[in-house]
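Student: In order, the protein sequence lines correspond to chains A and B.
First residue of the first sequence? That's 1 in our numbering, and the numbers climb one at a time after it.
First residue of the second sequence? That's 1 in our numbering, and the numbers climb one at a time after it.
Everything labelled a hint here was simulated from the structure, so no lab data went into it.
Heads up, some of the hints might be wrong.
Just the calculated beta-carbon pair ranges, DEER-fashion [stated by the list, open to error]:
1. B:F318 / A:L142: 40 to 46 Å
2. A:R17 / B:L231: 48 to 54 Å
3. A:R17 / B:P88: 45 to 51 Å
4. A:R167 / B:W181: 53 to 59 Å
Note that CB positions come from ideal geometry on N, CA and C, so glycine has one too.
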Amino acid sequence: MTNEGVFSKLLAPFTHRQTQERIAFLTEVPIFRGLSSLQAGKLLTHCTDRKYEAGETIFEEGDLGKALFVVYAGRVSIYKRAGGDREIVLATLGSGAYFGELALLDTLPRSAGARAAETAELLILYRTDFDDLVSKRADIGLPVMRGIAQTLAGQLRRTNEELAKARNGSGGEKR
Amino acid sequence: MNAAEAQIRLERWVRWGLILFTAVLAGWGLSHLEQIFIPFLVSIIIAYLLNPFVLALEARAVRRESAVILLTLVFGGLAAALLYFTVPVVVDEVTELKRIVPGRLEETRKTLVQMEKALAEKYTFLEGKNFADSLFEMVGERAGSVRMAAPEWIARHSTALVMTVLLPFFVFFLLRDGGKWLDGFFASLSHRSVETGISLVREFNAALGGYLRSLVVDAAVVGGMVAVGLLWIDLNYAVLIGIVTGIGNFIPYFGPVLGWGIASLAALLQGGPDTGWMLVKVLVVFGAVKTFDDWIFQPLIVGHGAHVHPVLVVLSVFVGGSVLGIIGMVVAVPVTVICQVSIRIAVERSRFAHEQPRGTPLPAERLIV
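Whenever a hint applies, use it, and build me the whole structure from the sequences.
Tutor: Next up, the structure:
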């Protein structure tokens, strides 16, 4: 048995079931999928836990983004303003989904707003903590960075396809 | 100015007024409640030092309460072992010091009296002045008044002594509940302030925690090196001086000077024909320790803690000392770190509010595939 195994066995009587569930949950979130339980546990200690009541605003479009949000429980609506008081709901996210990941990469305003569709519990990873992880714990920071890059690449491909379809539909020039 | 702008301006004035009021109140509290403040400050420092160990256990899904109890037992045991080995040495050195000081003082007095007599034979205007005796009489009176004042001092600082005994309990509760208090603080913030709130707390924590951890490690290394160096040159009270220098190191730049002063005094008390040579050796030990600390250890270890310019460190220590005395000197750098982080975040937010941030422009025909 490795030292780590012996250590984990020694600590087993003191472990907390709720924390174990959270760690297992994090390893199932797409951008954190490459992490081991211990790495996910370390990541969890860098996250802030916050509960939002139904209808409570998490952030608004145009706010300065500083954190990534992971939905642990409940549902969250992502919306965009469409002139006046009108809003378009772009997506409703459930447990295991994440949003606001662009804030870990740039310091631009939020491109959409987020609001709790029902009572929701979120895990928040602040950019300072993420930068700290990337510089000090590359074994955790880099897989997360790769996960975010893969998500963005997938979204970009979908956007390209939709753009091509839209151009085809309107008789535009194919590229 | 419309009503909404006037309302915003009023709110801003009220907010800054409250901040100023809190700062004045905190300053008053610091200067009047130092007996409570110092043990509490020490508890915060110890909790900061131990928190990474608690987090390492929490990362392994250990319940926070259990992690804190485990650490209290482990570090409590280590502290007890350290005290078990160092206290007898320190007690021996203090006893020895108490034993030889009267004799050494008498010797010094006699030497000074002889010197005075020799000078008086040469310069008649010094005859009958008895400077040496007057000086020693004054020292004796001062020592007597210190002895008389000791019970009063203990009575006055009884709160601090009780608080020191309660220190492990403070540390335990700070470690156990610190996270809950923070969660409560975050939950009380509006969505507009929550990210800035988390940002402030995280950055204060990173800067202050880094500073305090590196300060304690640095103090231990400097104190240890001074003790070893002084033992090597056979100076008496080496361990005691090492401990005092380590503790003094909490006040940047002043600690080593204080330690060097005490070590030089110890060299003088040790006496003998090699006193001058011993003074030189003491200077070499402190010079070597300071050089190692400044050029090798601090850039490697402390440099990662908090990035405060040395001029700002000295300036803040002077200002802290003149406002709040010793406490001010100790808290000066942490307060400077907090101010520095606050200003950086305020500038970042102000820049965001006044400038339209730009992304990297892409050529019109650039497609990412």
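Student: Compare the structure with each hint and give your call.
Tutor: So, going through the hints one by one against the coordinates:
1. Judged by the Cβ atoms, the range 40 to 46 Å given for B:F318 and A:L142 holds: they are separated by roughly 45 Å.
2. One distance hint, 48 to 54 Å for the beta-carbon pair A:R17 and B:L231, holds here, with the actual separation near 52 Å.
3. The hinted window of 45 to 51 Å between A:R17 and B:P88 holds, with their beta carbons roughly 47 Å apart.
4. Here the CB-CB span from A:R167 to B:W181 is close to 56 Å, well matched to the stated 53 to 59 Å.
Checked against the numbered hints given earlier, the structure satisfies every one of them.
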